[in-house]
Amino acid sequence: MNRRDAISRVALLMGGTLTAPTMIAFLNGCKTTNETANAANFAFSTDHLNLVSEIAEIIIPKTDTPGAKDAKVGEFVQVMLKDCYYEKDQKSFMAGLEKLDKKDFLKATPEEQTAMLIEAETEAADELKKIGEDRGKAKEAGKTFEEPGVPFFRLMKELTLLGYFTSEQGAQQALEYVPVPGRYDGCVDLKPGQKAWAM
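Following my numbering, the numbering of the sequence shown begins with 3 at its first residue and continues without gaps.
Calculated from the structure, these hints are not laboratory results. Keep in mind the model is a prediction, meaning the values are calculated, not measured. There could be a bad hint or two in this list.
The list that follows gives simulated cross-link-like pairs (lysine-lysine, BS3-like), each with its CA atoms no further than 27 Å apart [as the list claims (entries may be wrong)]:
| no. | residue 1 | residue 2 |
| --- | --- | --- |
| 1 | K84 | K105 |
| 2 | K159 | K131 |
| 3 | K90 | K74 |
| 4 | K101 | K141 |
| 5 | K145 | K132 |
| 6 | K101 | K64 |
| 7 | K93 | K131 |
| 8 | K93 | K141 |
| 9 | K84 | K74 |
Using the sequences and the accompanying hints, generate a full structural model.
So, in C-alpha coordinates, the structure goes:
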(Lines of atoms letter the chains of each structure in order from A and count residues from 1; the text may use other names and numbers.)
(Lines give C-alpha, C1' and ligand atoms only; values in the text may rest on other atoms or scores of the structure.)
Protein backbone atom coordinates (compact mmCIF):
# COMPACT_ATOMS: atom_id res chain seq x y z
CA MET A 1 0.00 0.00 0.00
CA ASN A 2 1.37 3.44 -0.84
CA ARG A 3 1.00 6.65 1.18
CA ARG A 4 -1.78 8.11 -0.93
CA ASP A 5 -3.86 4.94 -0.56
CA ALA A 6 -3.30 4.92 3.20
CA ILE A 7 -4.29 8.55 3.65
CA SER A 8 -7.41 8.21 1.53
CA ARG A 9 -8.50 5.21 3.60
CA VAL A 10 -7.95 6.97 6.91
CA ALA A 11 -9.78 10.02 5.58
CA LEU A 12 -12.75 7.80 4.78
CA LEU A 13 -12.65 6.24 8.23
CA MET A 14 -12.60 9.67 9.87
CA GLY A 15 -15.35 11.12 7.74
CA GLY A 16 -13.00 12.89 5.36
CA THR A 17 -11.24 15.04 7.95
CA LEU A 18 -7.52 14.85 8.64
CA THR A 19 -5.32 17.57 10.04
CA ALA A 20 -3.02 19.36 7.61
CA PRO A 21 0.19 18.06 9.28
CA THR A 22 -1.04 14.49 8.90
CA MET A 23 -1.76 15.08 5.22
CA ILE A 24 1.67 16.68 4.80
CA ALA A 25 3.38 13.82 6.67
CA PHE A 26 1.90 11.29 4.25
CA LEU A 27 2.25 13.22 1.03
CA ASN A 28 5.69 14.79 1.56
CA GLY A 29 7.51 11.91 3.15
CA CYS A 30 10.82 13.77 3.29
CA LYS A 31 12.37 15.86 6.03
CA THR A 32 15.31 18.24 6.11
CA THR A 33 18.63 17.01 7.51
CA ASN A 34 18.01 18.73 10.87
CA GLU A 35 14.50 17.29 11.14
CA THR A 36 15.82 13.83 10.29
CA ALA A 37 18.55 14.13 12.94
CA ASN A 38 16.02 15.28 15.57
CA ALA A 39 13.63 12.48 14.62
CA ALA A 40 16.36 9.87 15.12
CA ASN A 41 16.37 10.81 18.81
CA PHE A 42 12.59 10.45 19.20
CA ALA A 43 11.38 7.39 21.08
CA PHE A 44 8.84 6.56 23.74
CA SER A 45 9.95 5.35 27.12
CA THR A 46 8.48 2.00 28.13
CA ASP A 47 5.94 3.85 30.31
CA HIS A 48 4.93 6.14 27.46
CA LEU A 49 4.62 3.21 25.05
CA ASN A 50 2.34 1.46 27.57
CA LEU A 51 0.32 4.67 27.95
CA VAL A 52 -0.08 5.10 24.17
CA SER A 53 -1.05 1.43 23.81
CA GLU A 54 -3.65 1.76 26.58
CA ILE A 55 -5.18 4.90 25.04
CA ALA A 56 -5.32 3.18 21.64
CA GLU A 57 -7.05 0.18 23.25
CA ILE A 58 -9.68 2.48 24.76
CA ILE A 59 -10.27 4.02 21.32
CA ILE A 60 -10.48 0.57 19.65
CA PRO A 61 -11.10 -2.04 22.36
CA LYS A 62 -10.92 -5.79 21.91
CA THR A 63 -14.37 -7.28 21.38
CA ASP A 64 -15.14 -10.16 19.05
CA THR A 65 -12.42 -8.61 16.87
CA PRO A 66 -8.84 -7.79 17.94
CA GLY A 67 -8.21 -4.50 19.72
CA ALA A 68 -5.56 -1.85 19.12
CA LYS A 69 -3.08 -3.62 21.40
CA ASP A 70 -3.40 -6.81 19.34
CA ALA A 71 -2.55 -4.78 16.23
CA LYS A 72 0.47 -3.20 18.01
CA VAL A 73 -0.86 0.30 17.43
CA GLY A 74 1.39 1.77 20.15
CA GLU A 75 4.52 0.73 18.25
CA PHE A 76 2.97 2.02 15.01
CA VAL A 77 2.31 5.44 16.57
CA GLN A 78 5.92 5.65 17.73
CA VAL A 79 7.29 4.80 14.27
CA MET A 80 4.96 7.25 12.53
CA LEU A 81 5.81 10.10 14.89
CA LYS A 82 9.53 9.38 14.52
CA ASP A 83 9.61 8.93 10.74
CA CYS A 84 6.81 11.11 9.37
CA TYR A 85 6.05 14.02 11.70
CA TYR A 86 7.80 17.27 12.44
CA GLU A 87 9.43 17.99 15.78
CA LYS A 88 6.62 20.41 16.73
CA ASP A 89 4.09 17.57 16.31
CA GLN A 90 6.26 15.23 18.36
CA LYS A 91 6.51 17.84 21.13
CA SER A 92 2.77 18.47 21.09
CA PHE A 93 2.12 14.73 21.33
CA MET A 94 4.59 14.26 24.18
CA ALA A 95 3.08 17.21 26.08
CA GLY A 96 -0.33 15.54 25.88
CA LEU A 97 1.13 12.24 27.09
CA GLU A 98 2.88 13.96 29.99
CA LYS A 99 -0.37 15.63 30.99
CA LEU A 100 -2.15 12.26 31.16
CA ASP A 101 0.83 10.69 32.90
CA LYS A 102 0.70 13.35 35.65
CA LYS A 103 -2.95 12.43 36.23
CA ASP A 104 -1.92 8.77 36.77
CA PHE A 105 -3.93 7.68 33.75
CA LEU A 106 -2.81 4.05 33.91
CA LYS A 107 -3.83 3.76 37.59
CA ALA A 108 -7.24 5.35 37.05
CA THR A 109 -10.51 3.44 36.77
CA PRO A 110 -11.91 2.85 33.26
CA GLU A 111 -14.54 5.54 33.89
CA GLU A 112 -11.87 8.05 34.98
CA GLN A 113 -9.73 7.17 31.95
CA THR A 114 -12.67 7.75 29.62
CA ALA A 115 -13.39 11.11 31.29
CA MET A 116 -9.74 12.15 30.86
CA LEU A 117 -9.81 11.25 27.17
CA ILE A 118 -13.09 13.11 26.61
CA GLU A 119 -11.45 16.16 28.22
CA ALA A 120 -8.38 15.73 25.99
CA GLU A 121 -10.64 15.48 22.93
CA THR A 122 -12.48 18.68 23.90
CA GLU A 123 -9.16 20.47 24.42
CA ALA A 124 -7.95 19.29 21.01
CA ALA A 125 -11.12 20.59 19.34
CA ASP A 126 -10.70 23.97 21.08
CA GLU A 127 -7.03 24.11 20.02
CA LEU A 128 -7.92 23.35 16.40
CA LYS A 129 -10.59 26.06 16.44
CA LYS A 130 -8.10 28.60 17.82
CA ILE A 131 -5.49 27.59 15.23
CA GLY A 132 -8.07 28.15 12.48
CA GLU A 133 -8.96 31.58 13.87
CA ASP A 134 -5.29 32.58 14.20
CA ARG A 135 -4.60 31.37 10.66
CA GLY A 136 -7.51 33.47 9.37
CA LYS A 137 -6.32 36.58 11.23
CA ALA A 138 -2.79 36.13 9.87
CA LYS A 139 -4.14 35.75 6.33
CA GLU A 140 -6.26 38.89 6.65
CA ALA A 141 -3.23 40.81 7.92
CA GLY A 142 -1.09 39.46 5.07
CA LYS A 143 1.25 37.73 7.54
CA THR A 144 2.72 34.26 7.45
CA PHE A 145 1.19 31.85 9.92
CA GLU A 146 3.49 29.41 11.71
CA GLU A 147 1.48 26.22 12.14
CA PRO A 148 1.76 24.80 15.67
CA GLY A 149 1.94 21.06 16.34
CA VAL A 150 -1.20 18.98 15.91
CA PRO A 151 -3.12 18.76 19.21
CA PHE A 152 -2.29 15.57 21.08
CA PHE A 153 -5.61 13.75 21.08
CA ARG A 154 -6.41 14.55 17.46
CA LEU A 155 -3.10 13.05 16.41
CA MET A 156 -3.60 10.09 18.74
CA LYS A 157 -6.98 9.27 17.19
CA GLU A 158 -5.74 9.69 13.62
CA LEU A 159 -2.74 7.44 14.13
CA THR A 160 -4.76 4.85 16.08
CA LEU A 161 -7.27 4.51 13.25
CA LEU A 162 -4.58 4.44 10.59
CA GLY A 163 -2.47 1.90 12.49
CA TYR A 164 -5.38 -0.37 13.29
CA PHE A 165 -7.19 -0.45 9.96
CA THR A 166 -4.00 -0.91 7.95
CA SER A 167 -2.79 -3.73 10.22
CA GLU A 168 -3.37 -7.37 9.37
CA GLN A 169 -5.72 -7.79 12.35
CA GLY A 170 -7.74 -4.65 11.58
CA ALA A 171 -8.07 -5.22 7.84
CA GLN A 172 -8.74 -8.96 7.97
CA GLN A 173 -10.80 -9.35 11.14
CA ALA A 174 -12.48 -6.01 11.84
CA LEU A 175 -13.38 -5.35 8.20
CA GLU A 176 -14.77 -7.47 5.36
CA TYR A 177 -11.57 -8.60 3.65
CA VAL A 178 -11.11 -10.14 0.21
CA PRO A 179 -7.48 -11.28 -0.25
CA VAL A 180 -7.79 -11.55 -4.03
CA PRO A 181 -10.52 -9.20 -5.20
CA GLY A 182 -12.42 -10.07 -8.36
CA ARG A 183 -14.09 -7.64 -10.69
CA TYR A 184 -14.83 -4.09 -9.56
CA ASP A 185 -18.42 -3.39 -8.58
CA GLY A 186 -18.92 0.31 -7.92
CA CYS A 187 -22.06 -0.04 -5.82
CA VAL A 188 -22.59 -3.10 -3.67
CA ASP A 189 -25.24 -3.24 -0.97
CA LEU A 190 -24.08 -4.41 2.44
CA LYS A 191 -25.96 -7.37 3.84
CA PRO A 192 -27.50 -6.97 7.31
CA GLY A 193 -24.74 -7.36 9.89
CA GLN A 194 -21.94 -7.30 7.30
CA LYS A 195 -18.73 -5.45 8.16
CA ALA A 196 -17.48 -2.49 6.10
CA TRP A 197 -15.15 -3.47 3.26
CA ALA A 198 -11.39 -3.33 3.69
CA MET A 199 -10.00 -1.22 0.89
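Checked hints:
1. K84 / K105: Roughly 25 Å separates the two Cα atoms, so the pair holds.
2. K159 / K131: 17 Å, holds
3. K90 / K74: Holds, at about 24 Å.
4. K101 / K141: Not OK: K101 and K141 at ~32 Å, beyond 27 Å, violated.
5. K145 / K132: Roughly 17 Å separates the two Cα atoms, so the pair holds.
6. K101 / K64: With Cα atoms ~26 Å apart, K101 and K64 stay inside 27 Å; holds.
7. K93 / K131: 20 Å, holds
8. K93 / K141: The hint holds at about 26 Å.
9. K84 / K74: 16 Å, holds
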